[in-house]
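Q: Okay, here's what each chain looks like letter by letter:
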Amino acid sequence: MTIDSRFLPRPDAGALLHMTLDGAPITARAGDTLAAAILAASGDASRHSTMGTPRTAYCMMGVCFDCLIEVDGQPNTQACMVAARDGMVLARQNGARGLRKLSSTPAQSNADG
Amino acid sequence: MVDVDLIIIGAGPAGMAAAATSAQGGARVLMLDEQPQAGGQIYRNLGAETPPPAYLGASYAAGKPLLAGLRTAGITGEFNATVWRIDSDAGMPRVLWSRGGTSHAGQAPHVLLAGGAQERPTPFEGWTLPGVMPAGAAQILMKTAQLLPRDAVLAGSGPLLYLIAAQLIDAGAPPQALVETQTPAMMTRAMRHLPRVLLALPELAKGLALIRKITAAGIPRYTSAAGFHASMRTDGRLDFSFTAKGRAHTLCTPILLTHQGVIPSTHISRAAGIAHAWNPAQQAIAPVTDRWGGSDVEGLHIAGDGAGIGGAEAARAAGELAALDILRRLGRIDKNTRDRQAKAPRRALTRAMAIRPFLDAAYAPPPEILAPDGETIVCRCEEITAAEIRQSLEGGATGPRGVKTATRAGMGPCQGRMCDLTLRGILENCGAAPALPRARTPIKPVALGELAALAPHRKTKA
Numbered sequence: 001m002t003i004d005s006r007f008l009p010r011p012d013a014g015a016l017l018h019m020t021l022d023g024a025p026i027t028a029r030a031g032d033t034l035a036a037a038i039l040a041a042s043g044d045a046s047r048h049s050t051m052g053t054p055r056t057a058y059c060m061m062g063v064c065f066d067c068l069i070e071v072d073g074q075p076n077t078q079a080c081m082v083a084a085r086d087g088m089v090l091a092r093q094n095g096a097r098g099l100r101k102l103s104s105t106p107a108q109s110n111a112d113g
Numbered sequence: 001m002v003d004v005d006l007i008i009i010g011a012g013p014a015g016m017a018a019a020a021t022s023a024q025g026g027a028r029v030l031m032l033d034e035q036p037q038a039g040g041q042i043y044r045n046l047g048a049e050t051p052p053p054a055y056l057g058a059s060y061a062a063g064k065p066l067l068a069g070l071r072t073a074g075i076t077g078e079f080n081a082t083v084w085r086i087d088s089d090a091g092m093p094r095v096l097w098s099r100g101g102t103s104h105a106g107q108a109p110h111v112l113l114a115g116g117a118q119e120r121p122t123p124f125e126g127w128t129l130p131g132v133m134p135a136g137a138a139q140i141l142m143k144t145a146q147l148l149p150r151d152a153v154l155a156g157s158g159p160l161l162y163l164i165a166a167q168l169i170d171a172g173a174p175p176q177a178l179v180e181t182q183t184p185a186m187m188t189r190a191m192r193h194l195p196r197v198l199l200a201l202p203e204l205a206k207g208l209a210l211i212r213k214i215t216a217a218g219i220p221r222y223t224s225a226a227g228f229h230a231s232m233r234t235d236g237r238l239d240f241s242f243t244a245k246g247r248a249h250t251l252c253t254p255i256l257l258t259h260q261g262v263i264p265s266t267h268i269s270r271a272a273g274i275a276h277a278w279n280p281a282q283q284a285i286a287p288v289t290d291r292w293g294g295s296d297v298e299g300l301h302i303a304g305d306g307a308g309i310g311g312a313e314a315a316r317a318a319g320e321l322a323a324l325d326i327l328r329r330l331g332r333i334d335k336n337t338r339d340r341q342a343k344a345p346r347r348a349l350t351r352a353m354a355i356r357p358f359l360d361a362a363y364a365p366p367p368e369i370l371a372p373d374g375e376t377i378v379c380r381c382e383e384i385t386a387a388e389i390r391q392s393l394e395g396g397a398t399g400p401r402g403v404k405t406a407t408r409a410g411m412g413p414c415q416g417r418m419c420d421l422t423l424r425g426i427l428e429n430c431g432a433a434p435a436l437p438r439a440r441t442p443i444k445p446v447a448l449g450e451l452a453a454l455a456p457h458r459k460t461k462a
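Keeping their order, the protein sequence lines are chains G and H.
Numbering-wise (the UniProt record's numbering), the first sequence opens with residue 1 and increments by one.
Numbering-wise (the UniProt record's numbering), the second sequence opens with residue 1 and increments by one.
No lab work stands behind these hints: they were computed from the structure.
What you are looking at is a predicted structure, and each value in this text was computed from that prediction instead of being measured.
The beta carbon of each residue, even a glycine, is placed where N, CA and C say it ideally should be.
Some hints could be false.
[To be verified] Each pair of labels, with its calculated beta carbon distance range:
#, chain 1, residue 1, chain 2, residue 2, range
1, G, R92, H, F79, 43 to 51 Å
2, G, G98, H, A58, 33 to 41 Å
3, G, T27, H, A105, 45 to 53 Å
4, G, L8, H, P65, 27 to 35 Å
5, H, F79, G, Q74, 17 to 25 Å
6, H, T405, G, L8, 39 to 47 Å
[What the hints assert, rightly or not] Sample of chain H residues lacking proximity to chain G, with all beta carbon distances greater than 10 Å (derived):
#, residue
7, E34
8, T82
9, L148
10, M191
11, G246
Take these sequences, add in the hints, and give me the full structure.
A: Right, dumping it as structure tokens:
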């Protein structure tokens, strides 16, 4: 189900950046990290752990790795450390990430799911 | 190739002050920070083009002179740069960092670690649920994205809770309640530090003003709170249960903001091989330094909260002191000049630290947070519970390494940042020897491809 954002709606700030999260449109304001944009949009989990438990971004400073997300095909990206950009394709990670063929994308980190 | 005299890791108050002082003294400085701009967490996003919201207040705006100091000639800043290793090459400190998917190596005769602090992990049943977040993390969202938590409950202990509550009141988004774990016994223990606090009366007055604002806004405060437990309803809201002064309460909220103070970020200093010790007053691991921030590893200094929690003013002073010592070691000033110029920051440091023993005692983390029990998750990454860790101790594990081998606690991507201290608390609680946990390179995950690409670069250097 869809859970309302746990944050108050922000005053209109003009131009928005447009991205998708699991195929659904999601907007961000210039300067937002991906984690901020996702938290502003929804109170749902942004990841399910290797054991299937729901998580959202936690520390917001690159320490805890709870905000891991797939960005433009790159898994295990820290959403709190990446600025939102127009056209980004985001996907929630559910469970552990597997190894992928080297031919599909450049080398990538494979920290954990 | 060595083209700088000093590499500073971390652009918070300590790093910024050190950069300005050392550059004014003629040193060439490279400053690295993981965030997109200088400021650290306390002054995060203060350098943005748009002025900060008024509700963040004077203590936030107070960082502007430090940011302005970075315009001193001789300072190069590199941001979005994640340091993952410090070692030495041909007797000189070397720093390796990742930026935009490429790793770089830099060398300088001096490196200042100014990586600051992180919030103390606050484990209780339900702390991994969506909607539970450290209060400082919510404040980062206020600073960087003007996101205000909706009808929040602030739970835990420490001056930051009061500051955030006051900022939320001023922002028109008052919290629903404050649930505070400090007890009258803690305050009694804190009272013996009162004579020193007299040096810090302005700080104390500011804190009392925050509490008055919270009271005047009619926000309920539950004190002597314990037994935290959170569960999520189907609509996503959290039921937060606790006892306060012996009575059971449950509050329903979309967002539960927890806080139990901050602790030094020591992965970088531990992985660099610097000696560390347990600080019982602050219940944290901290590097051992001399009064200039110098460490037992040649060329490495540490300043700011990463060397022990003191707050922004103390960090600024410590950054200046470290920079003066580095300037002396570089031969740019003599010992007498260093000592003379150190007088003002030394006084500022003493003043800033005066309130610390009082705060450490009055807002001490409660035992149930330090050494949880039962189904509370300790290691968030690997989802290892307190009961599993206690079982591993009964099964023969004798220290952090044994627990790690038996349970995987601390082996996830955060590398123990969220569970090192809790594991230590449980070890101590079970009568086991709480040895210092190891931190190893790379201290942040780095792609194998980045390491491979770095290899020929190193070869050409040699």
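Q: Next step is simple, just say for each hint if it's right about the structure.
A: Checked hints:
1. R92(G) / F79(H): 43 to 51 Å: Because 28 Å falls outside the window, the suggested range is violated.
2. G98(G) / A58(H): 33 to 41 Å: Cβ of G98(G) to Cβ of A58(H): about 51 Å, so the range 33 to 41 Å is violated.
3. T27(G) / A105(H): 45 to 53 Å: violated (39 Å)
4. L8(G) / P65(H): 27 to 35 Å: holds (32 Å)
5. F79(H) / Q74(G): 17 to 25 Å: holds (20 Å)
6. T405(H) / L8(G): 39 to 47 Å: holds (46 Å)
7. E34: It is violated; E34(H) is separated from chain G by about 6 Å at its closest Cβ, not greater than 10 Å.
8. T82: violated (8 Å)
9. L148: violated (5 Å)
10. M191: holds (33 Å)
11. G246: Holds, because the least Cβ-Cβ distance between G246(H) and chain G comes to about 30 Å, which exceeds 10 Å.
The earlier numbered hints that this structure contradicts are 1, 2, 3, 7, 8, 9.
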